[in-house]
Structures are given as C-alpha cells and as structure tokens.
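Peer 1: These protein sequence lines map, in sequence, to chains A and B.
Note that the numbering used here has the first sequence beginning at 1, numbered continuously upward.
Note that the numbering used here has the second sequence beginning at 1, numbered continuously upward.
Everything labelled a hint here was simulated from the structure, so no lab data went into it.
Computed from a predicted structure; not experimentally measured.
Just so you know, even glycine gets a beta-carbon here, dropped at the ideal spot from N, CA and C.
Among the hints, erroneous ones may be present.
The following residues of chain B were derived to be distant from chain A, with all beta-carbon distances above 10 Å [as the list claims (entries may be wrong)]:
{"#": "1", "residue": "L30"}
{"#": "2", "residue": "T76"}
{"#": "3", "residue": "Y256"}
{"#": "4", "residue": "Y268"}
{"#": "5", "residue": "L276"}
{"#": "6", "residue": "P286"}
Footprint (simulated), chain B over chain A, 3 or more residues, beta carbon under 8 Å [to be verified]:
{"#": "7", "segment": "101-109"}
{"#": "8", "segment": "168-179"}
{"#": "9", "segment": "261-270"}
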Amino acid sequence: MSELTSSEDQLRHQLGLLYTDVNAELRRRGLNGHRNGRRPARLRVPAPVPDVIEKAKAELPVLALQAVGELSLRLRQLTGRDVIDLATMMAIVQFLSRQVELANRGEAMEVDDFGFDQEWTESLLPIFRWVYRNYWRVETTGLEHVPAEGRALLVSNHAGVLPWDGSMIKTALLEEHPHPRHARALIAQFFFGLPYLSWFLRRTGQTVGHPDDSVRLLERDQLVLVFPEGVKGTGKPWRERYRLRRFGRGGYVQVALQAKAPIIPISVVGSEEIYPMLGDVGPVAKLIGFPYFPVTPLFPWLGLLGTVPLPSKWRIQFHRPIRTDLMGAEAADDQNLVMTVSDQVRDTIQQGLYDNLKLRRSVWF
Amino acid sequence: MGGELAHRLESRDDVAAVYGLDIEDPKVALDRTEFVHADTRHSLLTKLVRGLSVDTVVHCAVLTEGRAGARTVHETNVIGTMNLLAACSGADSPVRRVVVKSSVAVYGGEPYAPSYARESHEESAQTREFLANDLREMEQLVSDFQVRNGSTTVTLLRLGHRLGFQYPTPLGEYFLLSRVPTFHGFDPRLQLLHDDDAVEALYRAAAADHGGVFNVAGDGVLLLSQAIRLAGRRQLPVLLPFWRGLARAGLRATGYDLPASIADFLAYGCVVDIDLLEREFGWRPPHTTRETLLQFLGRGESEPLSTGPQEYELSQYLQRRRRLAAGSRRA
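Extracted from the complex, chain A is given alone in its bound form:
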C-alpha cells in the first residue's frame, strides 16, 4: 500500500517537473517569438486580441495542468487525502486539449445541414456525463424502447426554468443506450435570435421548433426530441410541479403521423426541483423580451451563482412506443385521431411522473 502511494508521489513529482520545464519554455518563447518559431508578416491593422486568444488556446492545457496539479497538491497537504486524484486531473487535461484540437480543425470541420457539429458535441460529453452520473445521479429505465436505428419522435415533459432536462435525455441516449444516438431537440424559435445561445444550440444539433424541421429530420431517420409543453412547462411555478401543461395543439402528433415515426413518451422526474420557481416578474421579462423572469431561492439574489441548479435526484423513464408509424400518413389530417393520440401520450407521461416520484426516496436522494 505504502509502495503504491510512494510511486504515485513520484509520478506527481515528475509531472511537476514536466510542467515547470514547459512553463519555462513558454516564458522563453513569449519574450522573443511566436509559436513554431515563425512570425507571420504583420498586416497594417494590428490585432492584439486574436493573438492573445490564439496564445491562450495553445497554452491552455499546460496552464490547466499546472493549476489542477497545484490545487491537488495543496488539497492533499491540507486534508491528507486525495480530493482530486490523478485520473480526474488527466481527464480534465484531456478534455481541454481536445477542445484546443477541435478549435484548430480549420477546414476539416464538418457540420450537417442544420449546423450540427457532431465531433464537438461529443467532446462535451465528459461534462454532461459527470452531471448525469455524479450531480443528479440520473437513473434511466426503458431505454430498450428506443430503436437502435430509424426514426422516432421522443416526447417529454418540460420543467425547470432552463432546459437541462433535454441535455440529460440526450446524455442518457449517448451514455446508456447500447447503440449511442444523438437526439435532436426542437427549441422555441425565440432562442435562435439570441447570440451565443443560438450558436450553441445549432452546433450541438438542436433546431427550430417548426413542423418542417421535425419532418425533415425524421425523414433522415433521426431521433427528434420535442417538449410539447414548451415554455409553459419550464416557466410554471413551484406549487404546480409535475402537473403537465397543455400539449400544444397536437402538432407533434401530426408530424409523427406525416413522417411515419413512432412516438416514445418520456417522463423526467427531478427537473422540477433544480430551480424552484417561486415567482415570475412579468414586467422584467417583458422588458428583456423573455418568456418569463424567474425568482428562485437563489436567483436573482446570488447573481450568476444563482443559476447553478440544485442537486436533486433524477429519474428518466422511456415508455413503450405508440405506433403512430402504422396509422398511415393520411391520419395526420384526422383531427380527432391526432387529439386522441396526444391525450394518450400526455396520460402516459403523467402516469410515469407519478410512478417515478413514488420510486424516489426523497427530492435529494
């Protein structure tokens, strides 16, 4: 045992030496040169900002390694045990260097017709995996109902102010499904007008909540994830948690019928407690053009820190598919059938919510 510890200490020592070397090297280069030793011809316009960014990008892994290494040593000295172990350290460094690598892809970068960058999305998985496994400790059941290939429309309840539920459903499909698949979520059009967010949503495979888009994706045999409650679901107050809102106008059923895709209802439990919404300041929401402005126990009192979601215990259940693919495309015009199917989906999800709430020991465990 002591041998093991000493060898790990040795490794840590070597790592320390390594980053002091690299650091010295970087400092030396910083004084009299550019990366790779060549200096590009200066253009008329000086551009200090991008150069700084480029440089930071290149140094990021080393700096991170230094910082994390330092932190781990300190914490070890302080507490006498490994708070950050070597594996975590390496994972963090790996993640950062992968980000740098992807940022420097240049022309090799590929996106699909909707702007989905699969490589980059998958590189973010470690973060979401950690949230999925360690933070919300998600328990997922019924994944066998999701086909290994071919189209399907995933329909889920929507809650929790910010759409974390979508990210967890996507993570579940990538992490636990025997054939990892990307689900493409449909997002309210409003968010695509926002800077940064529109960029992130498109890059990670989401698209506009428009029937045309969903049919197009389904026809390419993709998994499409919809939240028929929309912002009415995410913006509902705390006292109405786990009570489903109106499921739009059944448009999602029409889409499934048109594209001959089965509907797979999903119940997500836990998302309601991440931001208990106590109030909604309507005028502020109107002023900044948002659908709602939430007041939670932490937000807006703690500012950005208040946007950290609470660590509730999550359960996700995928239900048995509703075979809308067998009903024929002309069924999409049958308003009666559409509303019947929509009600059936809603009931399934609501029942699933009750079942999973019972299975959960408490909100936090």
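With chain A's structure known, arrange chain B on it following the hints.
Peer 2: Coordinates of chain B only, in the frame set by chain A:
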C-alpha cells in the same frame, strides 16, 4: 443579370426578338437585342408592350442586394413593378408570361423561419428592414396580378444571395475584406447562389411555363466561420450582437458599407428549401454553396475584375450603339 439573360435568349432560334429596357447602358455586349433607354413609366411601358406585341416579360429591375437607399428601393421595387404589371395587364394585352425576380430576403431573419424556408412560409412578424417589407409588397402585387390575369403564367423567383462574379455584391465584398468582422455570438448557416445559376433560372422560367413562386439557391450550407476560413481570411468577432445599426456605422467608418439586409443575413443566416424548384423545373442549381464561394474567391484573387474578356466587346458594342443613335437622330 438582365444582360446575361438577353445574351442567352438571343441564341435561341424560336425567340423572334429580344428587347432590353434599362435607364443605363447594358453591361453585356448584345447582338440581336433591341435596347431601349427608358424607365418604368406606365404610359411608356404600355406603348412598348402593345406596340411590340411582347409575349414574355422578365422583370429583373428589382433591387435585392445593392446599397440603394430605402426610397430608391421602394420606388424601384414596388412602384416600378406596379407600373410594369399594370402595363402587362388587361384583356388586350399580348403578354402570356411574366417572370419576376425577387430575393430570399423576403423571409427576413432565420430565427423566425424554419431551418429550410419553404415558399409557403408566411412571415408573421413585420420586419423593420425596408428591403424585406418592400419585397413582400412587391410579391403581393405580383400575386394580385396573377389573380386578375388568370391566362398569364406568372413566375416569381426568390433568388438566393449572390456574391457577384463580375461586380461583387456587398456580400461578395465582405468575403474579400482582409479581416472579416463578424457579430459576436452568432455563427449562422449561409446559403449562396452562383451568378450563372441565377441567370439560368431566369432563362428557364422565361423559356417555358412554370407558374408559381420558387426559391432558387445552391445546395448545402456553410457556417459563416467555415466560409471565412475557406476564404483564407481571419475572423474578427468584434461586432456587438445587438444594435446592429451601431455595428454598421462602425464598419462604415472603416470604409465598408454593410447594408442592413446583409447584416441580418450575417447574424441569422437564411437557408431555403429548393425542392419545389426541382419538382417544377426538373433542375437544381448545379453549383453548391461551397463551390460558389470557392469559385468566387478563385476569381476574385487571380483575375482583376475590371479587365474581363467581355470588356473590349462591350465597349465596341456601346460605341456602335451610340453611332447608330446619332445617325438616326440626323436622319
């Protein structure tokens, strides 16, 4: 674009005569085309249409991607089209086919449109952007004309954004900047239309009956950042995402005038669905978005734009025209 189209039409045997109408000299040397210097005044157009018994009218005098001001755009796009359509209407009108050029700018910004806008997509919110509003008004006039003149085939082509191979459009100039400023926080999907494909689409619409509204654009999309990288240029994400007017003013100060419609395009992008075009015309623009950009850049760098092979022919042609005009005035 009209000149290029006339050039294509001249070579067809079943076209008896081609008449061109513009207030300026043509930019393409033409053989058979009778060129008329005129504006779109109604009285004049009526006389022309009936006097020459024109059976096909192709309306290209629609400003879609230049830097014209709001007033000029309104006068040209709405009033000009109104006059032209009025001249073509009526029971005694010889016109059997009308082709009108429009632009995908009618869809406005991407956030309120599906990822692939179809022709049937109705823009619910009025944009503040004058070009889109004027184009919508113009398209309304065209559809009114179609209702009143059922026997005439009306084709409305919503052309995608072009870069301008001969004369770069503002968007083309944008990709030729040495450092390309972009809006912070946006990386939209772009779709481009090759100049040749634009002319080809107008030609096909003029040569056969294809009534309806059609999107015309290249296959495939490019992210703005990808496009800039392909152009071998450096992206400067320095423009504020909000208050785009401010960003435009800043750019104007550095010597590049970015039209409002292109600013929207660079923030939200605009991608359209061209399945309807393919179904009706049996043709898709052969140049993809990527090919269009690469060809544009290849040309933009290697060959100075002002001394194309056309230039000499064109100057000869214009001289000949002037001599003829002087001769007829003397006679």
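Peer 1: Tell me the numbers of any earlier hints that the structure contravenes, in ascending order.
Peer 2: The structure conflicts with hints 4, 8 and 9, although it agrees with all the remaining ones.
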